[in-house]
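Engineer: Chains as they are written, first to last, in the numbering used here: chain A, 7 to 332; chain B, 7 to 332.
Simulated from the structure, these hints should not be mistaken for lab results.
Please note: incorrect hints may appear among the correct ones.
Unchecked claim - With a straight-line Cα cutoff of 25 angstroms, these simulated DMTMM-like cross-link-like pairs (lysine to aspartate or glutamate) come out:
#1 B:Lys297 - A:Glu206
#2 A:Lys87 - B:Asp249
#3 B:Lys297 - B:Glu241
#4 B:Lys87 - A:Glu206
#5 A:Lys297 - A:Asp157
#6 B:Lys226 - B:Glu241
#7 B:Lys87 - B:Glu31
#8 A:Lys87 - A:Glu63
#9 A:Lys67 - A:Glu31
#10 A:Lys297 - A:Glu281
#11 B:Lys226 - B:Glu213
#12 B:Lys297 - B:Asp157
#13 A:Lys87 - B:Asp157
#14 B:Lys87 - A:Asp157
#15 A:Lys67 - A:Asp85
#16 A:Lys297 - B:Glu241
#17 B:Lys252 - B:Glu309
#18 A:Lys184 - A:Glu206
Protein chains: 2
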Amino acid sequence: MRYIVGIDLGGTNIVAGCVAEDGSEILGVRNVPTGAEEGPDAVVRRIVTAAQDCIAETKAKVPGAEVIGAGVGAPGPLDTKSGIVLLTPNLGWVNMPLRQRLQDGLGLRTALDNDANCAVLGEWWRGAARGTRIAIGLTIGTGIGGGIIIDGRLYHGASDIAGEVGHMTIDANGRRCKCGNYGCIEAYASGPNIALRAVEALESGAESVLPSYVAGDFRKITAQTVYQAAQAGDELALEVVRDTAKFLGAAVASLINIFNPEAVVIMGGVTLAGESLFEPLRREVTRRAFKPAVQVCRIVPGELTGVAGVYGAARAFQEQVEAGVV
Amino acid sequence: MRYIVGIDLGGTNIVAGCVAEDGSEILGVRNVPTGAEEGPDAVVRRIVTAAQDCIAETKAKVPGAEVIGAGVGAPGPLDTKSGIVLLTPNLGWVNMPLRQRLQDGLGLRTALDNDANCAVLGEWWRGAARGTRIAIGLTIGTGIGGGIIIDGRLYHGASDIAGEVGHMTIDANGRRCKCGNYGCIEAYASGPNIALRAVEALESGAESVLPSYVAGDFRKITAQTVYQAAQAGDELALEVVRDTAKFLGAAVASLINIFNPEAVVIMGGVTLAGESLFEPLRREVTRRAFKPAVQVCRIVPGELTGVAGVYGAARAFQEQVEAGVV
Chain A
7 MRYIVGIDLG
17 GTNIVAGCVA
27 EDGSEILGVR
37 NVPTGAEEGP
47 DAVVRRIVTA
57 AQDCIAETKA
67 KVPGAEVIGA
77 GVGAPGPLDT
87 KSGIVLLTPN
97 LGWVNMPLRQ
107 RLQDGLGLRT
117 ALDNDANCAV
127 LGEWWRGAAR
137 GTRIAIGLTI
147 GTGIGGGIII
157 DGRLYHGASD
167 IAGEVGHMTI
177 DANGRRCKCG
187 NYGCIEAYAS
197 GPNIALRAVE
207 ALESGAESVL
217 PSYVAGDFRK
227 ITAQTVYQAA
237 QAGDELALEV
247 VRDTAKFLGA
257 AVASLINIFN
267 PEAVVIMGGV
277 TLAGESLFEP
287 LRREVTRRAF
297 KPAVQVCRIV
307 PGELTGVAGV
317 YGAARAFQEQ
327 VEAGVV
Chain B
7 MRYIVGIDLG
17 GTNIVAGCVA
27 EDGSEILGVR
37 NVPTGAEEGP
47 DAVVRRIVTA
57 AQDCIAETKA
67 KVPGAEVIGA
77 GVGAPGPLDT
87 KSGIVLLTPN
97 LGWVNMPLRQ
107 RLQDGLGLRT
117 ALDNDANCAV
127 LGEWWRGAAR
137 GTRIAIGLTI
147 GTGIGGGIII
157 DGRLYHGASD
167 IAGEVGHMTI
177 DANGRRCKCG
187 NYGCIEAYAS
197 GPNIALRAVE
207 ALESGAESVL
217 PSYVAGDFRK
227 ITAQTVYQAA
237 QAGDELALEV
247 VRDTAKFLGA
257 AVASLINIFN
267 PEAVVIMGGV
277 TLAGESLFEP
287 LRREVTRRAF
297 KPAVQVCRIV
307 PGELTGVAGV
317 YGAARAFQEQ
327 VEAGVV
């Protein structure tokens, strides 16, 4: 069997795995700290080591296994054609020739794409959007990233910036977003903003079990804490989750009216909230979007938790080889 | 030279013209009333007559001219594959096999696509978005339609509904839209809603020359009246236009963040407001959208006033022939 090393480079962790070229399995998965504070050379070394370890494990497990290339998903903006990461505030990089560095370090042909794009591509290839021709994904974490699959390929736009669905305006006079805009969906439904909305309600005197989870220290409340409290039936936490569903519903409805996709995949910690999120989300979308477009579209949580970006980076390698980019 | 008859079917008028297959000229343009109240057979007869007249004129002008097919842009939703218009409230049609009817009436291979899609395709082919690979268009009239060009082809989505950019939510708790959603850009920036916002301001006692244009009858105020007053320097009308630019700016910024296009084309009567619209629109977009995406995108008025849909319907015929749809 032939394999591609998929690498998901995040601000906190690097995840690498050997993905079979037909997507049927992933082997030797490694998850190591990024260590951005030690500078780009150290990060590149850590990526190379993680990839080499997973290749070694794969070759040990599968006699005759051949590794034909590598794909890496990195925070953007970046240039897929030159393989350069233009700017990553999280890592402190500017104009970093990541593709060439990994190609040299691994001795493998390497492709570079955006991390959120890769996660969505992974879900399209082997996860929740499998079998569709058109799919949109939202990755909800510290921010809200996204990716667009059209005719089974990543849509990059004119200059590799496309897919920033987290920065759709859902309230033109709304909350300030880190991107400088007002009322982006990210300003309401990213992890930190979910936590912030809970804290704001607590500060206004709402009753909740949340303070007991964090020994009264509101700064310790995270989106995760909110989902836990919601699972435990806490009314305030449930309200925060329902509101999150409504905000997301406005954005997803717009995406459905614009793209008429077959699947919208929601990824990230927020999916831990389960049906307490998805049920009101689907209801809100049904209320807002064009019925015939809603009817052909499933709205589902990602399935490849932790490795969507690894699968997708491997698939991005295949895509870029087919397209002659690498 | 070979020609394609392009037909733009609207609720009020039918426009037809013979478009050279390289898009270099349009001949024999006809503009006749739709007469929807007389029923679908009468409308089909009128389309056929208009098309035959324009073919006759073209053949008279260009000896040896050959007409190879017809394209028709019709209000949707419709099914491009079967050539059926599913539902057009404006015309009172349900499941109308328009493509077959025109094919029989004209004796020409015929393609059917959405009217707003065709207008955008026309602007991409021969108008304001010429030379781009990725373009988004908004047609602003009674409603706000749209179209998406990716890699020089119309993007239809999973079931021909894609491109409904007028039904992006820009204010999740905002004005009720005719589509049932709240806060669609159409609910703020369509022609009737531009007029409505002016009337609301007048009813709250704002000073303006507008009442003098309509002999004090506010119901006679249209978007057109507002643009006239704005051109004349009326402060209220200018404010309504500036607000329109801000609303549109929020939607266009989202589209730029999502699609990273090379052009956004604004079509329809609203472009009569000229720079009093486009200058604040571009400013608002620059404020809201990702800078590198804004830098590669021009925001421009349509150039093919009155015939964008005719050019686009002809081009849609070519597209559908190439794709094997017709």
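Engineer: So, for every hint listed, does it hold in this structure?
Structural biologist: Cross-check of the supplied hints:
no., hint, in the structure
1, B:Lys297 - A:Glu206, "violated, 31 angstroms"
2, A:Lys87 - B:Asp249, "violated, 40 angstroms"
3, B:Lys297 - B:Glu241, "violated, 31 angstroms"
4, B:Lys87 - A:Glu206, "violated, 52 angstroms"
5, A:Lys297 - A:Asp157, "holds, 22 angstroms"
6, B:Lys226 - B:Glu241, "holds, 19 angstroms"
7, B:Lys87 - B:Glu31, "violated, 28 angstroms"
8, A:Lys87 - A:Glu63, "violated, 31 angstroms"
9, A:Lys67 - A:Glu31, "holds, 12 angstroms"
10, A:Lys297 - A:Glu281, "holds, 22 angstroms"
11, B:Lys226 - B:Glu213, "holds, 17 angstroms"
12, B:Lys297 - B:Asp157, "holds, 22 angstroms"
13, A:Lys87 - B:Asp157, "holds, 17 angstroms"
14, B:Lys87 - A:Asp157, "holds, 17 angstroms"
15, A:Lys67 - A:Asp85, "violated, 35 angstroms"
16, A:Lys297 - B:Glu241, "violated, 41 angstroms"
17, B:Lys252 - B:Glu309, "holds, 22 angstroms"
18, A:Lys184 - A:Glu206, "holds, 18 angstroms"
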